[in-house]
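Peer 1: Sequence:
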Amino acid sequence: MRQLKITKSITNRESASLDKYLQEIGREELITVEEEVELAQRIKKGDKAALEKLTRANLRFVVSVAKQYQNQGLTLPDLINEG
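For the sequence shown, our numbering assigns the number 1 to the initial residue and increments by one for each residue that follows.
The hints are simulated quantities; they were obtained by calculation from the structure and are not laboratory data. Note that the Cβ used here is the ideal one computed from N, Cα and C, for glycine as well. Treat the hints with caution; some may be incorrect.
What the hints assert, rightly or not - Okay, the calculated beta carbon distance ranges per label pair:
1) N71 x R42: 32 to 42 Å
2) Q72 x S15: 15 to 25 Å
3) G46 x G83: 32 to 42 Å
4) G73 x D19: 34 to 44 Å
5) G46 x Q72: 31 to 41 Å
6) G73 x A16: 20 to 30 Å
7) T32 x V62: 38 to 48 Å
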């Protein structure tokens, strides 16, 4: 499996909308492993707020993975959207 690097500096800005999105997700609070487990347990019980928080907390990860696949046919915004 490919080793992924997650950094605070997200990526080069390709467009105004991508720049705005990256700034927005950059303000999202990171969660700990313990918080992730707790959120998953709450999600199993139907907690929609927990699902929203876990999803938003992982948006940087989506960008990080998308960056690994840049220049292989899809633009970075398209890769992020597919994530």
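Peer 1: Please test the hint of 34 to 44 Å on the beta carbon pair from G73 and D19.
Peer 2: Taking Cβ atoms as reference, G73 and D19 lie about 23 Å apart, which means the hint is violated.
Peer 1: Using the Cβ atoms, figure out if G46 sits within 31 to 41 Å of Q72.
Peer 2: 38 Å, holds
Peer 1: Has the hinted range 32 to 42 Å been met by the Cβ atoms of G46 and G83?
Peer 2: For G46 and G83 the Cβ distance comes to about 25 Å; the hint is violated.
Peer 1: Taking the CB of N71 and the CB of R42, does the distance hold inside 32 to 42 Å?
Peer 2: Taking Cβ atoms as reference, N71 and R42 lie about 39 Å apart, which means the hint holds.
Peer 1: Kindly confirm whether 38 to 48 Å is satisfied by the beta carbon distance between T32 and V62.
Peer 2: 19 Å, violated
Peer 1: Can you let me know if the beta-carbon spacing of Q72 and S15 is within 15 to 25 Å?
Peer 2: 19 Å, holds
Peer 1: How does the Cβ-Cβ distance of G73 and A16 compare with 20 to 30 Å: does it lie in that range?
Peer 2: 23 Å, holds
In summary, the structure is inconsistent with hints 3, 4, 7 from the numbered list given earlier, while agreeing with the others.
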